[in-house]
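Asker: I would like the entire structure built from these sequences, with the hints used as guidance.
There are 2 protein chains.
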Amino acid sequence: MEKDPDQCKFVVVLDMIVGKWKPTILSHLMIGGTKRFNELKKLMPDITQRMLTMHLRELEEQDIILRVVYPQIPPKVEYSITEYGRSLEPILDSMHQWGYAHLERMKKKEEQLAADNK
Amino acid sequence: MEKDPDQCKFVVVLDMIVGKWKPTILSHLMIGGTKRFNELKKLMPDITQRMLTMHLRELEEQDIILRVVYPQIPPKVEYSITEYGRSLEPILDSMHQWGYAHLERMKKKEEQLAADNK
DNA sequence: CGGGATCCACCATGATACTG
DNA sequence: CAGTATCATGGTGGATCCCG
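For the protein sequence lines, the chains are U and V, in the order given. Position 89 (the first sequence) corresponds to 89 in UniProt numbering; numbering is contiguous. Position 64 (the second sequence) corresponds to 64 in UniProt numbering; numbering is contiguous.
Any given hint could turn out to be false.
For identical chains, the list gives no copy identity; a pair is met inside one copy or between any two copies.
Said to hold, decoys possible - Taking lysine-lysine and the BS3-like style, the derived pairs with C-alpha atoms no more than 25 Å apart in a straight line are:
#	residue 1	residue 2
1	41	20
2	3	22
3	9	22
4	9	108
5	41	76
6	9	107
7	109	9
8	41	3
9	20	9
10	109	35
11	3	20
12	9	42
13	41	22
Calculated from the structure, these hints are not laboratory results.
Answerer: What follows is the structure in C-alpha cells.
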C-alpha cells in the first residue's frame, strides 16, 4: 500500500469500471469475446440502448474496449476488449474471487443466525 | 475469469468500496491505522459529518472496519480496519498500481499530442 | 465529541420516440 | 442495426441545525 493516503490511486480503476452496467458489459466482452451492439443488448435485456451506448463510448474512450464500424447497410458495429483492457483482467479476477468468498461468508452467517433462532 | 458472465462477482467488491469518500476513508485507516472520528474529519476537510458517519456505518456493517465506543464524556470513538478488511488490501494495492501506471500512460499520451501539434 | 434529523440539489439512469 | 434526442425520476451526496 502507498504510504500517503492522498496518493492512493485505486480510485482510477474504480472510475473506469463503475457504472450500473459496466461490469456486465465487461464480463460479456471479456468472457464471450467480440460482440455486436445488438448481441450485447440481447445479453442484457434490461439495459436501455441509451445506457449501452453511453457506457460503451466511455469504455472506448479509456481504451478498454475497441469499437469497429463496418460501413455497410444495415450497419454493423463490433465491440471487443483491447489488449490494454486485458491488463485489467487479473484485477477483476481477484475481485471476483474475493466477492465470491464474501457471499459464501454471508451465507454461513445467515445459517448461523437461523440455527441460533430455533 | 468466470465462464459465465452472470456469475461474475467482482461487483460485490465494488459495492463495498464505492462511494464518494469510501476510498479515502479506507486509505487513511489502512495506511494510518486506528483513527478517531474527528481525526478522520480533519484528514478529510471537505467531507461532511453526515457522509463520514454514513460511510463509516456502511463499512462497519460489511465488517471492513471496526467501531469501538469508549463510554466516557466527552465521547471517544475509534475506527480501525478489521482483519477481514485487511484481506481486501492486496486487491486495492494492485488496483493502485494499475491506476498509477494508467496515469503515467495518460501523461505520455498528452506529451505525444503536444509534440505532434508543434 | 460524535453524532442524528431534515431539507434540498444535482447527476446518473430510465422511458420513449425518432433516424440514417 | 445501431444508434440520437428529449424529458422524467430517484438516489447519492451537501447544507444546516440540533442533541446527549
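Asker: Where does the structure disagree with the numbered hints, that is, which hint numbers, in rising order?
Answerer: Going through the list in order, the structure violates hint 10 alone and respects the others.
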